[in-house]
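The chain contents come next:
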Amino acid sequence: MKLNIIQQRGLWWAISGALVLASLVAMAISWQQFGAPLKPGLDFAGGTRLQLTRACTITDNCGEAIDLAGVRQVLGQQGLDSSSLQVLGDDQQVLSIRTRNLDVDERTTLQSALDEAIGPFDTSSTQIDSVGPVIGQQLLVSGLLALLVSFAGIVAYLSLRFKLDYAVLAILALAHDVAITAGVFAILGLVLGVEVDSLFIVSLLTIVGFSVNDTVVIYDRVRENLKLNPGSHINDIVDSAVNQTLSRSINTSLTTVLPLVAIFIFGGQTLKYFALALIIGFLAGSYSSIFVASSLLALWRERIGQAYSGDPDEAAPQPETQI
Amino acid sequence: MAKYRAWLGVILALTIAAVVIITQIPTRLGLDLRGGSQLTIQVQPTEAIPTITEREMEAVQTVVEGRVNGLGVSEAVVQQLGNNQLLVQLPGVSDPEQAERVLGGTAQLEFRAQRPGTDQQLAIENQVLQAHLGELAALQASLPDGTAIDAETQARIERLQADIKASETAIAGLFEPSTLGGDKLTDAIARPTGGTLWEVVIQFNNEGGNEFAEISKAIAGTGRTIGIFLDNRLLSAPTVNVQYAETGITGGSAVISGNFTAESARDLEIQLRGGALPLPVEVVENRTVGPTLGRDSIQRSLYAGLAGLALVLVFMVVYYRLPGALADLALIIYALLTWAAFNLLGVTLTLPGIAGFILSIGMAVDANVLIFERTREELRSNKTLYRSVESGFFRAFSSILDGNVTTLISCLALFYFGAGLVKGFALTLGIGVLISMFTALTCTRTLMFLAISLPQFRRPSLFCPGLDTVRPNPVRP
Numbered sequence: 002m003k004l005n006i007i008q009q010r011g012l013w014w015a016i017s018g019a020l021v022l023a024s025l026v027a028m029a030i031s032w033q034q035f036g037a038p039l040k041p042g043l044d045f046a047g048g049t050r051l052q053l054t055r056a057c058t059i060t061d062n063c064g065e066a067i068d069l070a071g072v073r074q075v076l077g078q079q080g081l082d083s084s085s086l087q088v089l090g091d092d093q094q095v096l097s098i099r100t101r102n103l104d105v106d107e108r109t110t111l112q113s114a115l116d117e118a119i120g121p122f123d124t125s126s127t128q129i130d131s132v133g134p135v136i137g138q139q140l141l142v143s144g145l146l147a148l149l150v151s152f153a154g155i156v157a158y159l160s161l162r163f164k165l166d167y168a169v170l171a172i173l174a175l176a177h178d179v180a181i182t183a184g185v186f187a188i189l190g191l192v193l194g195v196e197v198d199s200l201f202i203v204s205l206l207t208i209v210g211f212s213v214n215d216t217v218v219i220y221d222r223v224r225e226n227l228k229l230n231p232g233s234h235i236n237d238i239v240d241s242a243v244n245q246t247l248s249r250s251i252n253t254s255l256t257t258v259l260p261l262v263a264i265f266i267f268g269g270q271t272l273k274y275f276a277l278a279l280i281i282g283f284l285a286g287s288y289s290s291i292f293v294a295s296s297l298l299a300l301w302r303e304r305i306g307q308a309y310s311g312d313p314d315e316a317a318p319q320p321e322t323q324i
Numbered sequence: 008m009a010k011y012r013a014w015l016g017v018i019l020a021l022t023i024a025a026v027v028i029i030t031q032i033p034t035r036l037g038l039d040l041r042g043g044s045q046l047t048i049q050v051q052p053t054e055a056i057p058t059i060t061e062r063e064m065e066a067v068q069t070v071v072e073g074r075v076n077g078l079g080v081s082e083a084v085v086q087q088l089g090n091n092q093l094l095v096q097l098p099g100v101s102d103p104e105q106a107e108r109v110l111g112g113t114a115q116l117e118f119r120a121q122r123p124g125t126d127q128q129l130a131i132e133n134q135v136l137q138a139h140l141g142e143l144a145a146l147q148a149s150l151p152d153g154t155a156i157d158a159e160t161q162a163r164i165e166r167l168q169a170d171i172k173a174s175e176t177a178i179a180g181l182f183e184p185s186t187l188g189g190d191k192l193t194d195a196i197a198r199p200t201g202g203t204l205w206e207v208v209i210q211f212n213n214e215g216g217n218e219f220a221e222i223s224k225a226i227a228g229t230g231r232t233i234g235i236f237l238d239n240r241l242l243s244a245p246t247v248n249v250q251y252a253e254t255g256i257t258g259g260s261a262v263i264s265g266n267f268t269a270e271s272a273r274d275l276e277i278q279l280r281g282g283a284l285p286l287p288v289e290v291v292e293n294r295t296v297g298p299t300l301g302r303d304s305i306q307r308s309l310y311a312g313l314a315g316l317a318l319v320l321v322f323m324v325v326y327y328r329l330p331g332a333l334a335d336l337a338l339i340i341y342a343l344l345t346w347a348a349f350n351l352l353g354v355t356l357t358l359p360g361i362a363g364f365i366l367s368i369g370m371a372v373d374a375n376v377l378i379f380e381r382t383r384e385e386l387r388s389n390k391t392l393y394r395s396v397e398s399g400f401f402r403a404f405s406s407i408l409d410g411n412v413t414t415l416i417s418c419l420a421l422f423y424f425g426a427g428l429v430k431g432f433a434l435t436l437g438i439g440v441l442i443s444m445f446t447a448l449t450c451t452r453t454l455m456f457l458a459i460s461l462p463q464f465r466r467p468s469l470f471c472p473g474l475d476t477v478r479p480n481p482v483r484p
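Sequence lines, in order, name chains A and B. Here our numbering is used: the first residue of the first sequence is 2, the next is one more, and so on. Here our numbering is used: the first residue of the second sequence is 8, the next is one more, and so on.
Please note that a few of the clues may not be correct.
Stated by the list, open to error - Restricting the straight-line Cα-Cα distance to at most 20 angstroms, the calculated cross-link-like pairs of lysine to any residue (SDA-like) are:
id, chain 1, residue 1, chain 2, residue 2
1, A, K228, B, S398
2, A, K164, B, V412
3, B, K430, A, L145
4, B, K224, B, E175
5, A, K228, B, L343
6, B, K191, B, P245
7, B, K191, B, I131
8, B, K430, A, K228
9, B, K191, B, Q210
Hints were generated in silico from the structure; no laboratory data involved.
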């Protein structure tokens with residue numbers, strides 16, 4: 002298999018552009034609906050989530066699925082009508098309620114009222130998440146800060162190891178991957194009500210780490226080819242660099258995505274969407290490294306008149322690192 | 008080849024050490040996996056104390072620690088978070104509502120006079136309390152770290168806890184009620200008396216000074232004590248000398264002396280200061296996971312991740328042949344080393360932490376893929392097997408280094424800015440990436456060179472299918 006990266010670059014850019022545009026549109030719609038580009042989860046918006054499981058060791062307790070109408074009635078009595086409800090689990094025996102932030106007394110009252118109406122619940126399977134507005138703000142700010150700092154760190158490192166233009170283009174590719182992942186989750190939020198929490202920010206950062214890795218491998222090869230064939234046109238250099246590293250790119254994506262797919266399909270509730278975000282981000286990352294970051298580098302070098310590796314720095318031997 | 012044999016020895020020794028560490032030191036599981044409550048407590052400034060400094064946080068932390076001890080949860084952790092927050096971790100707590108109620112609220116410090124004729128009773132109750140406390144401490148010390156507690160031990164802890172509570176209530180009943188509270192105490196300072204002994208100076212405001220003078224006047228010389236209570240628990244019960252029987256201790260200041268060491272004097276000082284702080288604390292975050300729930304989610308995610316990894320191992324052998332098999336071996340060594348590092352460094356494994364670990368295995372595979380692809384390229388360009396393997400490692404190095412460093416940069420950012428679960432993820436991924444550099448470059452390399460030193464493995468088809476016709480027999484280096 003041989004890919005014509007440069008020849009068909011219009012196509013690659015069109016695909017990327019369309020995906021990024023669609024992501025931005027999804028985030029804009031989401032902004033109108035939720036006041037944020039993605040549907041904010043408990044971590045960022047604050048609130049209380051209770052997950053209660055019926056005690057199935059008690060006879061006749063788990064005979065039928067949890068009745069949502071009964072739950073709504075209880076919530077109405079507590080003045081919590083606007084809460085969102087979900088029944089989970091294979092036998093519909095797990096109830097998940099998300100309300101405004103409740104203090105310990107309100108929460109205990111709600112729990113015992115529910116226990117009476119549709120319980121009894123198994124206390125050892127109860128999950129409580131209660132996040133005050135201060136903490137929500139804090140988690141969001143620290144997450145975004147981590148994202149920005151790692152972007153800056155990566156630019157600095159790549160400028161040091163490569164050159165500034167490689168670094169800037171690599172970051173452009175990263176922004177592309179992050180935007181597409183966020184866009185998919187904006188759509189999921191609009192369609193399925195999927196919310197993002199601090200794990201989503203973690204997944205974005207991991208995507209950044211992995212996808213820059215993909216780009217670096219290709220740029221590393223470009224740099225090496227430039228050294229070996231100083232007379233070749235940058236387009237040919239990039240084309241062969243991408244094709245030389247292609248089976249590596251595919252195999253690496255495959256081996257990292259495999260365990261993630263397993264976690265997405267069979268793993269616990271908490272990690273499901275975390276794994277999905279990583280899968281989307283890694284695939285977008287592979288695509289942008291192979292098709293976008295490479296062709297952009299060629300375009301840039303051509304535009305600034307370095308199509309034939311006119312840069313003496315680059316033609317000079319790089320300091321080789323011993324293994 | 009002697010070099011690689013030596014390396015093989017090192018790798019073997021490390022692997023054995025790792026296995027020993029894994030079996031000897033238990034893995035610490037996070038609250039999301041073993042069940043328990045994690046609370047974030049925010050200290051609220053008041054009009055009197057508009058800014059919260061390090062000194063105030065220390066005092067509040069002591070108060071909260073005292074309350075946590077009262078809950079009787081083994082291995083509870085209280086640590087400062089930022090400028091005005093405390094993180095409280097309560098593994099295996101059975102009643103999160105009670106915990107949240109006890110931990111919130113302002114500290115209650117009181118100075119109360121002992122009731123007449125209760126000396127003997129006080130001594131007995133104190134003995135009972137000390138016995139219970141000793142038993143509980145011994146029980147908790149005997150529990151292994153980071154593992155779930157069985158129901159029987161849990162019940163025993165709860166029973167002891169109830170006994171302690173009963174003793175404390177009984178002791179509190181032996182003292183008169185009082186209006187002299189922590190709000191009237193302005194300061195407490197521990198100081199040495201000259202020898203090895205220490206004392207604690209307490210200072211009241213005007214109103215407090217007058218009330219204290221009255222209480223001390225009433226009990227001076229009687230042998231009865233002034234009970235200093237923090238959240239209804241007796242901290243200290245000093246007597247008042249007979250010379251104050253006329254006037255009481257006036258001037259708003261008093262010295263508590265006795266058998267204080269530097270440490271116990273300082274403890275009392277901080278407890279008093281914490282009790283004197285009228286700072287309300289509020290539970291702003293509560294994350295509680297029931298113990299069974301934690302167990303279910305760890306199992307599901309672990310099995311899923313392992314199944315995915317098994318597929319990766321199979322893929323490596325099918326696609327990369329002999330090097331793939333060697334890389335699999337190196338990956339298993341990698342997994343053991345990383346697991347041992349977690350146990351050795353006391354890393355607390357959370358669910359995202361396990362995800363980070365599984366991802367770092369993906370990174371480790373990537374390094375091998377880079378090397379093997381490069382080796383194949385060199386073989387196809389008609390180099391000898393030895394040279395191909397050599398330059399495969401050499402040329403792939405800069406890619407591996409750059410890729411890992413950039414991932415490490417992300418990990419650092421996450422670890423520095425992130426909180427809780429996020430930190431755990433960054434830590435496990437970071438440790439994993441560092442160790443994977445070692446195993447991919449050293450383990451795989453050593454195994455590869457040792458393998459091609461054996462004639463039966465020296466067939467290029469074992470490295471790159473379809474190459475046998477090109478180069479039947481490699482030349483020795």
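Hint-by-hint comparison with the structure:
1. Taken as a hint, the K228 of chain A and S398 of chain B pair is honoured in the structure, with Cα atoms around 17 angstroms apart against an allowance of 20 angstroms.
2. Between K164 of chain A and V412 of chain B the alpha-carbon distance is near 16 angstroms, which keeps this suggested pair within the 20 angstroms criterion.
3. Between K430 of chain B and L145 of chain A the CA atoms are separated by roughly 14 angstroms; this keeps the pair inside 20 angstroms, and the hint holds.
4. A distance of roughly 26 angstroms separates the Cα atoms of K224 of chain B and E175 of chain B; the hinted pair therefore is violated under the 20 angstroms criterion.
5. Using a Cα cut-off of 20 angstroms, the hinted pair K228 of chain A and L343 of chain B is violated, with the two alpha carbons roughly 40 angstroms apart.
6. Between K191 of chain B and P245 of chain B, the direct Cα distance comes to roughly 19 angstroms. Compliance with the 20 angstroms bound is thereby established for this hinted pair.
7. For the hint linking K191 of chain B to I131 of chain B, the alpha-carbon distance of about 31 angstroms lies beyond 20 angstroms, and the restraint is violated.
8. Our distance criterion of 20 angstroms between C-alpha atoms is broken by K430 of chain B and K228 of chain A, whose separation comes to about 41 angstroms.
9. The straight-line distance between the Cα atoms of K191 of chain B and Q210 of chain B is roughly 9 angstroms, inside the 20 angstroms bound, and the hint therefore holds.
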